[in-house]
Amino acid sequence: MNINTQPLVSVIIPVYNVELYVEKAINSIINQTYQNLEIIIVDDCSTDKTYSIVESLSKKDKRIKLIRNSKNLKISKTLNKALENV
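According to the numbering used here, the sequence shown holds residues 6 to 91 in order.
Among the hints, a few may not be true.
[As the list claims (entries may be wrong)] Within a straight-line C-alpha distance of at most 25 Å, the following computed DSS-like cross-link-like pairs (lysine-lysine) qualify: (1) Lys67 with Lys86; (2) Lys64 with Lys54; (3) Lys82 with Lys54; (4) Lys29 with Lys67; (5) Lys29 with Lys79; (6) Lys65 with Lys86; (7) Lys70 with Lys54; (8) Lys76 with Lys64; (9) Lys64 with Lys86; (10) Lys76 with Lys54; (11) Lys29 with Lys86; (12) Lys29 with Lys64; (13) Lys54 with Lys29; (14) Lys29 with Lys70; (15) Lys54 with Lys65; (16) Lys86 with Lys54.
[What the hints assert, rightly or not] Derived Cβ-Cβ restraints for the label pairs, each shown as a range: (17) Asn77 with Asn9: 14 to 24 Å; (18) Pro12 with Glu89: 38 to 48 Å; (19) Tyr39 with Ser75: 25 to 35 Å; (20) Lys76 with Asn36: 28 to 38 Å; (21) Ile72 with Asn32: 14 to 24 Å.
Just so you know, the hints here were simulated from the structure itself, not pulled from any lab data. A quick note: this is a predicted structure, and the numbers were derived from the prediction, not measured. Ideal Cβ positions, reconstructed from N, Cα and C, are used throughout, including at glycine.
Can you make the complete structure from the sequences, with help from the hints?
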């Protein structure tokens with residue numbers, strides 16, 4: 006199936022202080038055989054290097070969309086923010 010005929014799949018990842026795991030998680034999605042996807046990552050105001058790691062990855066792959074909360078909103082509001090950007 007051609008990427009142009011595949012439906013777009015949106016993957017939502019809320020993140021908060023997961024610098025040790027975030028790159029591996031994103032790469033596991035990027036490396037799937039299904040390629041017509043967007044990865045929406047909402048950083049919930051992390052205090053570690055999570056945001057900068059995702060920012061670096063987003064510059065290398067246009068399918069990654071990075072959003073950062075201005076304050077910690079917790080999981081429900083962070084997921085809602087991600088859904089607003091699908």
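Lys64 and Lys86: Cα distance at most 25 Å?
-> Cα-Cα ~21 Å, so holds.
Measure nothing beyond the straight line between the CA atoms of Lys82 and Lys54; if it is 25 Å or shorter, mark the hint as holding.
-> 22 Å, holds
Is Lys29 within 25 Å of Lys67, Cα to Cα?
-> Holds, because 17 Å separates the two Cα atoms, which is no more than 25 Å.
Straight-line alpha-carbon gap Lys29 to Lys86, limit 25 Å | Given that 25 Å is the threshold and the Cα spacing comes to 23 Å, the pair holds.
Below or equal to 25 Å on CA atoms is what counts here, so check Lys76 against Lys64.
-> With a Cα-Cα distance of about 23 Å, the restraint between Lys76 and Lys64 holds, given a limit of 25 Å.
How does the Cβ-Cβ distance of Asn77 and Asn9 compare with 14 to 24 Å: does it lie in that range?
-> With a Cβ separation near 39 Å, Asn77 and Asn9 fall outside 14 to 24 Å, so the hint is violated.
At the C-beta level, are Tyr39 and Ser75 separated by a distance inside 25 to 35 Å?
-> 33 Å, holds
Between Lys64 and Lys54, does the CA-CA distance stay at or below 25 Å?
-> With Cα atoms ~16 Å apart, Lys64 and Lys54 stay inside 25 Å; holds.
Within a Cα-Cα threshold of 25 Å, do Lys54 and Lys29 meet the stated pairing?
-> Between Lys54 and Lys29 the Cα gap is close to 14 Å, so the pair holds against 25 Å.
Go ahead and decide if the range 14 to 24 Å is satisfied by the Cβ distance of Ile72 to Asn32.
-> 19 Å, holds
Restraint status (C-alpha distance of Lys76 to Lys54 at most 25 Å) | At roughly 16 Å apart (the allowed maximum being 25 Å), Lys54 and Lys76 satisfy the hint.
For the pair we were handed, Lys70 and Lys54, check the Cα-Cα distance against 25 Å.
-> 17 Å, holds
In terms of the numbered hints stated before, the structure departs from hints 17 and 18, listed from lowest to highest.
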